[in-house]
Amino acid sequence: ADTIKVGVLHSLSGTMAISETTLKDTVLMMVDEQNKKGGLLGKKIEAVVVDPASNWPLFAEKGRELLTKDKVDVIFGSWTSVSRKSVLPVLEELNGLMFYPVQYEGEESSKNVFYTGAAPNQQAIPAVDYLMNDLGVERFVLAGTDYVYPRTTNKILEAYLKGKGVAAKDIMINYTPFGHSDWQSIVSDIKKFGSEGKKTAVVSTINGDANVPFYKELGNQGISSEDIPVVAFSVGEEELSGLDTKPLVGHLAAWNYFQSVETPENEAFIKAWHAYTKNPDRVTNDPMEATYIGFKMWANAVTKAGTTDVDAVEQAMIGQETPNLTGGIAVMNKNHHLSKPVLIGEIQDDGQFEVVWETDGVVAGDAWSDFLPGSKDLISDWTAPIKCGNYNTQTKTCSGQNY
Amino acid sequence: MLAELGEAKIKDMEPILVRIEAVSDESVLPLLRTLLNGNLYYNEAEKKVIGQFESNGETYYKDVFTDEINAGIDKRDVDKIRVNNKLRGYLRNAIARIQLTSKSPSVRENAVRELLSKLDGSTVAVLEGLYTNETNKKVKDAMGLALAMNTASQTELAASNRIAAIEKLSSSLENDVRNLLTTLTRDDNTAVVSAANIALEKIAQRANRFAFVDQLFFGLSLGSVLLLASIGLAITFGVMGVINMAHGEMIMLGAYTTYVVQLIMPNYIDYSIWVAIPAAFLVSGLMGVLIERLVICRLHGRPLETLLATFGISLILQQLVRTIFSPLNRQVSTPSWMSGSWEINPVLSLTLNRLYILAFALLVFIVLVIVLKKTSLGLNVRAVSQNRNMAKAMGVKTNWVDAMTFGLGSGIAGIAGVALSQLTNVGPNLGQSYIIDSFMVVVFGGVGNLLGTLVAAFTLGIATKFLEPTTGAVLAAILVLVFIILFIQKRPKGLFPQKGRAAE
Amino acid sequence: MSTLASNTLESTREFFRRDQVWPFLAPEQAAVNVDNQMILYVEDLNLSFDGFKALNNLNLYINDGELRCLIGANGAGKTTLMDVITGKTQCDSGTVFFGQNHNLLNKDEAEIAQLGIGRKFQKPTVFEEQTVFDNLELSLKTDKRVLPTLFSRLTPTQIDRIDEVLKTIGLAKQRFMLAGALSHGQKQWLEIGMLLVAEPRLLLIDEPVAGMTAQETERTAELLTSLAGERTVIVVEHDMEFVRSIARTVTVLHQGSVLAEGTMDQIQSNKDVIEVYLGEEAAAGEQA
Amino acid sequence: MTRLTAWFSEGRSTGKHTLPFVVILLSVTILASAANLFLPADSIFYVSTYTITLLGKYLCYAMLALAVDIIWGYCGILSLGHGAFFALGGYAMGMYLMRQIGDRGVYGNPLLPDFMVFLDWKELPWFWLGMDQFWFAMLMAVFIPGLLAFVFGWLAFRSRVTGVYLSIMTQALTYALLLAFFRNEMGFGGNNGLTDFKEILGFNLQADSTRVALFLITAILLAVIFVISQKILSSRFGKVVLAIRDSESRSRFIGYRTDRYKVWLFVYSAVIAGIAGALYVPQVGIINPGEFSPINSIEMVIWVAVGGRGTLIGAVIGALLVNYAKTRFTAIMPDAWLFALGAMFVLVTLYLPKGLMGLYGQLKAKRNTVMNKESQA
Amino acid sequence: MISINKVDQLYGGTQILWGLDLDIVPGSITCIMGRNGVGKTTLLKAIMGLLPITKGEITMEGEILNKQSAEKRAYSGIGYVPQGRDIFPMLTVEENLRIGLPVRGKRTKDSPKEIPEKIFELFPVLKDMLHRRGGDLSGGQQQQLAIGRALVLEPKVLILDEPNEGIQPNIVKQIGDVILKLNEEEGLTVILVEQKLGFARRVGKEFRLMEKGRIVAADKMENLNDTLIKQYLAV
Ligand SMILES: Nc1ncnc2c1ncn2[C@@H]1O[C@H](COP(=O)(O)OP(=O)(O)OP(=O)(O)O)[C@@H](O)[C@H]1O
Ligand SMILES: Nc1ncnc2c1ncn2[C@@H]1O[C@H](COP(=O)(O)OP(=O)(O)OP(=O)(O)O)[C@@H](O)[C@H]1O
Ligand SMILES: [Mg+2]
Ligand SMILES: [Mg+2]
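Protein chains in written order, with our numbering: chain A, 310 to 712; chain B, 400 to 903; chain C, 5 to 292; chain D, 594 to 970; chain E, 146 to 380.
Since the hints were derived computationally from the structure, they do not count as laboratory data.
Built from N, CA and C at the ideal position, the CB exists for glycine as well.
Any given hint might turn out to be false.
Unchecked claim - Here are the simulated lysine-lysine pairs, DSS-like style, with alpha carbons at most 27 angstroms apart:
| id | chain 1 | residue 1 | chain 2 | residue 2 |
| --- | --- | --- | --- | --- |
| 1 | A | K555 | B | K447 |
| 2 | B | K796 | E | K301 |
| 3 | B | K796 | E | K263 |
Said to hold, decoys possible - Simulated DEER-style distance windows between Cβ atoms:
| id | chain 1 | residue 1 | chain 2 | residue 2 | range |
| --- | --- | --- | --- | --- | --- |
| 4 | B | E600 | A | E447 | 45 to 55 angstroms |
| 5 | E | T237 | C | Q94 | 16 to 26 angstroms |
| 6 | D | L940 | A | K378 | 27 to 37 angstroms |
| 7 | B | G700 | D | W728 | 46 to 56 angstroms |
| 8 | A | I638 | B | E413 | 51 to 61 angstroms |
Unchecked claim - Partial list, computed: chain A residues near chain B (C-beta under 7 angstroms):
| id | residue |
| --- | --- |
| 9 | G506 |
| 10 | G531 |
| 11 | I579 |
| 12 | A581 |
| 13 | D659 |
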């Protein structure tokens, strides 16, 4: 082929369009920039955009379409876990390559996927540490949408908190359906739970759209961040842009990236983004950085391998280093997850986050959580001799491979 | 000292603030408030702190003490003095401590209540000093409460004193009181423990009553949202018989209209709602008329086809909004008079936005009923929906009636959008999330019966909210659905069925 | 307590009655018992709609094989009576027996129809989107349960029967036309045809000659008289000429109860009937 | 039995589209399969596995559309919840496929599917028992939808719930199931559903031959169901069903217990939907609660409306066409495809009141009149 | 008054009216007769504007009606009592009658707020049933309501399609009287489709016989003889 093809598999319609459209634009911007630099291996990069329309089986179908019909060399895509799980068998069957840019529950490592978002140990655990150590929080509300990511994260956190001596009655767990919009009772429960004398915080894994009504209700019921801070793992700059943030000032989020971090790389990135979208008000967020890092690493890996052949690129990827937008260097580990710094930010009234805490160095993403009984013995290592995504260190076996 | 504040790191700020508090009186309040709001800036060059203010969309800087405008300064000259949660907590308490001597009794009372959970020795000493001289009854009560709390918690005091204090506490609903009593139930002194238990019991009884009111309010409020969302559909679907899948998008248009109105008048957010309501009615209503004239009017006598066409229209409208406004959610601000809550007592507070929306929903309902009952439109539209040809033969301008009715239903959906924009996302999927509930409400109430829609909305709202605490949100939703399915078996035509020979 | 238990037991039994759950297990319908020469017993029937008494202590007995005319002012309750008999409307109190052994009040429309009670509605109702022929086929006297219907085919005798009826009702040419496209009068005829092929024991006919020409009215009269004897016919009609041409016994309803009953002549000279129904002139005119 | 054979051999009632449909369907599928298996990938006649999978999916949708049409087009019961039956069939198949993974899951647990290990379940819930047997799972794929349809239909039709009330209740049904299956406690994998399947009856699901086989089976079953449905609907049972659509109360007055007819037709339709779901899952590789979403069920109705309600062939064509349009549009104009699809729905309703089959009918009528005129001249 | 010129009408593919000509004399009562299915109702609907005609012209007092919508025609003074009554079933009797008030307002120049008492004088039942749903009335009551409803419009021409279907004898007579009275006292032009010869003879002043979508005989009522009846009305 005379071009290198990059598939973009992000929903442009349906419920997930809100989040995913931005990532499509990010990939297109990266492709643009790379082409301005002369492309890759002397060829132009061509982006192929399809719309899986927030319909999970459609992700598999569109993934197959990209790989067999359009013959793309790499795919950037997916947001929800289920969409990733849906394309995964297709990727493995057709030996495609995908970069997945969103924080997720972990417990997965595929040869054909690189996970550039945060694993639970890169978001949840540092955040809880911060709450306990810096804010003196003793009671926790784990509020989430009822799906795998919150379930897993909360399981991990529960185990972690109990390990730290938090009593079971000081942990309240609550699940709500997708798109839940009537938060009155839950917020009032949280308020009650938080007014029993001990410093309380909410750890929120509430997904997507449900956040706006949740925060509005928090504001209206007068729960300020000083009384009961909320630390969220799915609320970033973009989610806040749909919200009047004045009542939310002081609530927290844990990410690997904030737009407000001042580094030259970030400044350049934001500038490029504003130029690309022709909108000086567009915000940037963590999954965009993950996409950015993923794309850079892929480009480097292709250059290093001298080909776009998936197996070669996959091996070349491991050990790739790219500067983070927030400073420091991101490294692709053997388990296809990144090492990244973890930042905790407070919401400001301009919809940005103010970093209030960060890890000293980078944290390596953990494919398999150490806090879950099923997976504490599992590791992932895609280099010889193990070459396996779920290797049991006890039984020294590897299971669940499709090839 | 102030300059230090400007240069200090967040970690080092607390001691500075303590010093500031120690030397000052009410005159520093503006400084602390500005800092609390995050509007305090530091001018490096002049080594001065100044406040940032905004009006008419322009930012300017003022001296926080003198209110003198520093004209020459712009954004680049100043750095924000950042605060974090811990500091905000400290600031709030500091303000309260300073305000204990404020002239306004209500300010004093709030200050006391603010400090209930932070009763340290020095505060108590200050309170004791103020208590005797306090003239205002309410403030005095609050201070008495604080002092009683202090007394009750002092283990070295005589049990009888403490018990008396506990009895005094049992009439309060304050959280801090309850927390204190709960700790006292673990006291060494058994008499104190039993007194605390009795007091807690008493408080719990009162609190439960209020909790019920609270839940009822949640239910009514959810009901009002359902009512608003479905009332337009009760017209287009219930009365006209159009299976209007684009109803949700009409709501969405209303919400986006609110957004645009706020965009146009950014400095009058508080009044924007009053513009947004008629604007949304017009936008959605006109869109409704357009849809009716272009599509629905050609589908007379084919009600099921309206499902197909309006579904297509809903897809188009969604994508239209996505193209124009981007797929991201838009930010709609809440006017200040609608934010916050109406605190009736420490355990019962009703959020203002929901209160207004409840009232608004009822108002819209009543106006609509009057329009349909008192104007010929109501009669004509029913006649047209029952027998179009005969209505024509009786001189009813069926085209006009159809367009007006559909416009009315859509317009009301638009108004609902204004209200919903205050509660939830304003995004392209807004409509989708309400369409199913809306149909459910209309059908549950009985198609073609506005009163049924009202009752159904509130029934479902209240049922959901009373189930939720025991079952969780997901199960509550499922149970309500199952309940509706079973209920319809008993009453196959909804709560208020159409009766009579012709209804079969 | 025990009554509660037995009640629940009873209702559970009712719930799981095998003939209701599995249609093919339903017992064959017992034959109609007409030992007393009487086929329909309507006793003390009461029915009110929002306070308005549509049927008021109505008593009516119909002999087997009789042709009975039912007349009465508009709104007297004739159609409502038929509604009650055919199970369309539930009455407030009273009894309706078909033969001596079938209580019609606890049966639904389909059961009643299967017992052999056919009805023609005041406003013609036919299956508009099916052909005239199919309309008749559906009405044939056959096993109407699900499985037998699924596997049934038209027998030559049935086809002949339909053809015959088509001729009788004058719609032979329209046999493959959609019933919805028929004119009002033609629909009336089709509905009569549907009654004929069903071969019911008791026919309830609500205003058959409305909208028919004089000749057609005559033909209808002939048809109905020929049916009587073998079948029992109850006709409601306002066309006095028609009623006279067929009537043996006439029952007059008024405000939900029987006002008078007797031969046509008796009725026509009855003062009350003249006052509320026939009108002075009409009665006089008819007698002249 | 003889009655059965007689019933099938009877000529009068077979629809005139049946034979051509079956012939075209089967020959296209067989040719496509052969092209996929036996031609080299660079041949111009080669049909890629992608296309085969896509076609297989379309055929499942066609079967589902058939189910919707039977109940809506012929009996006038607008079900906005057929996605529920489809998904239940799919889940039955998904559970079987999940159990087939055995210890090849990521956690290597021989008994529990990954998502259970992951959420720390200790043993298999009772409703997963037996699902490792293909025959049992397939039985469930038709039994569960059928049972649900029976219970729901029996309740609803007996109480004479009709029209929009019924439609919205079916919608409530599927919506309730959606919420229930989203719950992780339910033991069906929550939002993620069931995925990562490996084998069906010992055949590798990723092998081309397995895919082709599934595709062929789908086509054959579609043909069979089509013929049976055509038979049922053109029997007197079918006429009764039409009569119920026209005027249910009149049908009762001639002695048909319409509720039973409706229940059985509803069950039949649900079973077809269940079969479609069971065939769909191995071909797309995932089943999750999204399939229960009310919007999906509405879309099914729309396929039927586009194709032409009340003709079986119309339902099939509608499903194929709309889904093909969706596939094409989402690829060619990812940003604007909703405009195209939406406009298509609006235009079809306005200009083709009886769907595509209605258009076909009109064209034929026109040709006939032209021909008549010519022959008269 | 109304004249119809060479009108064709088709339902889908089948032609019902074939070049039909008809003249309605102002102030007369014209009775249209014919067997079932010859197109009487179709003709009346075409006059009212409820069915489009494919060819020809319909004029009323010289004004061409063809392109006018039915509601315009109602304002021009045509009142219609359809076959099968077509009451608005879920509206109360009162509402059924009120529907026509705006037209009446335009036509009589005094905008009445109330239903004219005249209607209740003609049909006293309606007064008793004022708050009952139209659909609940008995067949005959509905028929009376339908006529009353048309009269609310204060029409110049009243079209009646088999108005006596299902009406008790004394009211049949009364309806006849009403028609005659309105015709005589207010000069109302009436077009009446009627099957019952007796009534037609009593009320009608002119007759038109129809067959297969055409008018085949037209004359004064006195001249309606047995040969014509046998030829066009017998089966
Ligand atoms: N569902 C109902 N609700 C209220 N009133 C009703 C209902 N059904 C019937 N009625 C009333 O009951 C009375 C009897 O009606 P019915 O139709 O039986 O009269 P009928 O004798 O058949 O008259 P007609 O000869 O005019 O057809 C009427 O006054 C009617 O208004
Ligand atoms: N909607 C329709 N579609 C097709 N044909 C129709 C339709 N309505 C009526 N027809 C046909 O038109 C012809 C005339 O019907 P019309 O109703 O005008 O008859 P009519 O003279 O009023 O008869 P009747 O005395 O029975 O009322 C009939 O043969 C009928 O079959
Ligand atoms: Mg009657
Ligand atoms: Mg007629």
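Here's how the hints hold up against the structure:
Restraint check for K555/A and K447/B: the C-alpha separation of about 26 angstroms stays at or below 27 angstroms, so the hint holds. Restraint check for K796/B and K301/E: satisfied, since their Cα atoms lie roughly 20 angstroms apart, inside the 27 angstroms limit. Straight-line distance between C-alpha atoms of K796/B and K263/E comes to about 26 angstroms, which keeps the hinted pair within the 27 angstroms bound. Distance hint for E600/B and E447/A: a CB-CB separation of about 26 angstroms, inconsistent with the stated range 45 to 55 angstroms.
Roughly 24 angstroms separates the CB atoms of T237/E and Q94/C, a value that falls within the hinted 16 to 26 angstroms. Between L940/D and K378/A the CB atoms are about 28 angstroms apart, so this pair conforms to the stated range of 27 to 37 angstroms. Range check, G700/B to W728/D: about 49 angstroms between beta-carbon atoms, so the 46 to 56 angstroms window is met. The hinted range of 51 to 61 angstroms is not satisfied by I638/A and E413/B, whose Cβ atoms lie roughly 35 angstroms apart.
Interface hint at G506/A: satisfied, since its Cβ lies 4 angstroms from the closest Cβ of chain B, which is below the 7 angstroms cut-off. Look at G531/A: its Cβ gets to within about 6 angstroms of chain B, closer than 7 angstroms, so that hint holds up. This hint is violated: I579/A has a C-beta 17 angstroms from the nearest C-beta of chain B, more than the 7 angstroms allowed. Annotation: interface hint on A581/A violated; nearest CB of chain B at approximately 19 angstroms, more than 7 angstroms.
The interface hint given for D659/A is broken, as the beta carbon of that residue sits about 9 angstroms from the closest beta carbon of chain B, more than 7 angstroms.
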